[in-house]
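So the protein sequences, as listed, match chains B and S.
For the first sequence, position 238 matches number 525 in our numbering, and the numbering has no gaps at all.
For the second sequence, position 70 matches number 1448 in our numbering, and the numbering has no gaps at all.
Simulated from the structure, these hints should not be mistaken for lab results.
Every value quoted in this text rests on a predicted model; they were computed, and no experiment measured them.
Here are the simulated distance ranges between beta carbons:
hint : chain 1 : residue 1 : chain 2 : residue 2 : range
1    : B       : L737      : S       : R1390     : 46 to 52 Å
2    : B       : M702      : S       : R1450     : 42 to 48 Å
3    : S       : R1450     : B       : A727      : 26 to 32 Å
4    : B       : L748      : S       : A1438     : 44 to 50 Å
5    : B       : W692      : S       : L1418     : 39 to 45 Å
6    : B       : M313      : S       : A1436     : 17 to 23 Å
7    : S       : L1388     : B       : A335      : 45 to 51 Å
Ideal Cβ positions, reconstructed from N, Cα and C, are used throughout, including at glycine.
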Amino acid sequence: MNQLLTDTLNIAPIAGTIVLSLIVIMINALKKKPFQAEYWVSVLGIAANIALAVWTFPVRGTAFEGMVLTGGFASLTSVIFLVSAGITIILSRDYIEKIGLAHGEFYHLILMATVGMMTFAAGTDLVVTFIGLELMSVSLYALAGFSRRVAKANEAALKYFLLGAFASGFFLYGIALIYGMTGSTNLLVIAQNIAAYKAEPLFLVGAGLLLVGFAFKVGAVPFHMWVPDVYEGSPTMVSAFMSTGAKASAFAALLLVFTATFDFDHASMNTVLAILAVASMLVGNIVAIAQSNVKRMLAYSSIAHAGYMLIGITAGGEVSMAGVLFYLISYVFTNLGAFGIISMIENAEQQGTDLENFRGLYYRRPLHAVLMGVFMFSLIGIPPLAGFFGKYYIFIAAIEKGYTWLTIVGVVTSMISVYYYLRVVVLMFFQTSEETTRPAVAIDGTVALLISAFGVLIVGLFPSIVLDWMGGLF
Amino acid sequence: MFITGVVGVLTRRNAIIIFMCIELMLNSVNLTFVAFSSYLGNEAGQMFVFFVMAVAAAEAAVGLAIVIALFRNRQTVNINEVNVLKW
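Using the sequences and the hints given, assemble the complete structure.
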C-alpha cells in the first residue's frame, strides 16, 4: 500500500493530468449553461501539473516494478508536453469559438492525449509504451475529426485513423517479435542482455517493424503521406498540438527504446535510420517550396524537422540524446507559435490560410507579424533563436560520431528551407494588399504567443540553462 | 495472417474493409503473442493480448464514429472518392 502511494507520487505529473482531465469532463457533463469553466480549470491544472513535474525531477528511477520511468527524463518530457498542451488550450479558446466548436470535450481530449504522450515517453515496459501511444493516438483521431460537419476534417480524421491504426499494427508486431526473442517486454530486462540479441535476425526484424511504427508517428519519409493531409484538414490548433506534442512524444519514446535500450551500433539499422533522415529532409524541404497553403507548408516543414532529429537518433549516444531533446524544446515553442498565428488569421469557415492571406499582415497586425517573423526565423535556424542551437547541437553530435555527410545534407537542406520561410516574412512586411480587415485576435491567445516567442528567445539566448537542466539526465 | 492484413489495407478501397484488415493484423499479433508465450512458458505475452484487445475495441469505437461522420457528409466510404486534400 505504501509502495503504491510512493509510486503514484513519483509519477505525479501523469496521475495529476489524469485527474485533471476527469475533472474537466465532469464539469462539462454537469454544468447547466455555457461557461468557460473547463478552460480555466484546464489552464490552472496544467500549470499545477508543470509544478508537479518539476517537483518530481530529482526522483530518478522507475515506479510500479520497472514499468514507468520517474523523474529526470520523464519529468523533462512531461514539462514539454504540458507546456505544449497549455499553449494549445490557451490559443484554442478563441479559435474553437470562432469555428463554432466550443465544446468542453475539446479540452478533455487534449488533456487525455497529453496523458498518453507522457506515458508513451516514460514507459519502460513496451506494454506501457503501447498503451501510451494508443491513448495519445485515439484522442488525436477524435480531435482531428472534431469539426465533424466539415468534409476536410472528416477526411483528415479518416486518413489519420486508418494510417495510424495500420502503423500500430506494425508497432505491435515488432513488439511481439522482440518478446519472442527476449522473453520479456520490459526494456530494463531487455537492456541487460542486449548484446546477445543484437545480431539475431528475429530481433532485428522486430526492431525494424517497431521503427516503421515510430516512423509513421514522427512523420518521416516514406511514411509521411498522412502528415500534410491531416495537418491541413484538422482544426489548426489540433494540427499545432499534433506537430509539437505528438511528434515530441514519439521522438522521446524513440530515444528511450532505440538509443537508450537497443543502443544500436549495428550498421544496417543505422543505415536505415540515415536513409529515413535524408529522405525526410529532402522531401520535406523541397516539396514545401511548392505549397501555397501555409498550414500545408508547415506540415512539410515538420517532416523536414523530423529528418533533422533523426540525424541525432542515427548518431546515438548521450550528446545526441541531449541534442534531440533540446531540438524538441525549441521546436515545440516555435511551431506552436507559428500555428497559433495561423489560427488567428483563419476565418470561421476554416479557410484563409493561404500565403495570400499573409500579404501585408504587418500593416494590419504589426505585433503578430513580428511574432510570426520570429517563429519563421527560428524554424530556419538563425543564430540568436532557439532553432539555431537545436540544429547546432544535433549537427555537432553527428560530426563527433563520424556522420559528417549527414550533417552536410542537413545544412544544405536548411539552406533550401530559407526560401519558403522567408517568403512568408517578405509577404508580411514588404508587400501591401487591398485587404483591410484586421484579423480578430484574443488577448489570452496573444499572451500565449508572447510566451512562445519568449521561450524561443530564452532557449536561444541562454541554451546553457536548458542544457544544465538536462545535464544529469542520463 | 499479418501479411493478408497488410495486403488488404493496401489494396482494398472501402474504408470499412480496410479497417477490418487492420483488425486482422492486430489479431495476428495476438496469435503471435500467445504462441510465443506458450513456447517460452511465461505469461507476459498473454497479458499483452488483453491490452491489445482492449485498445482495439477503443480504436474501433473512435474509428467507426469517424467513418459515420464521413458517410453523413459525403454518402460514401470509398477512399478513392475521399479526395478533397491533395498536394
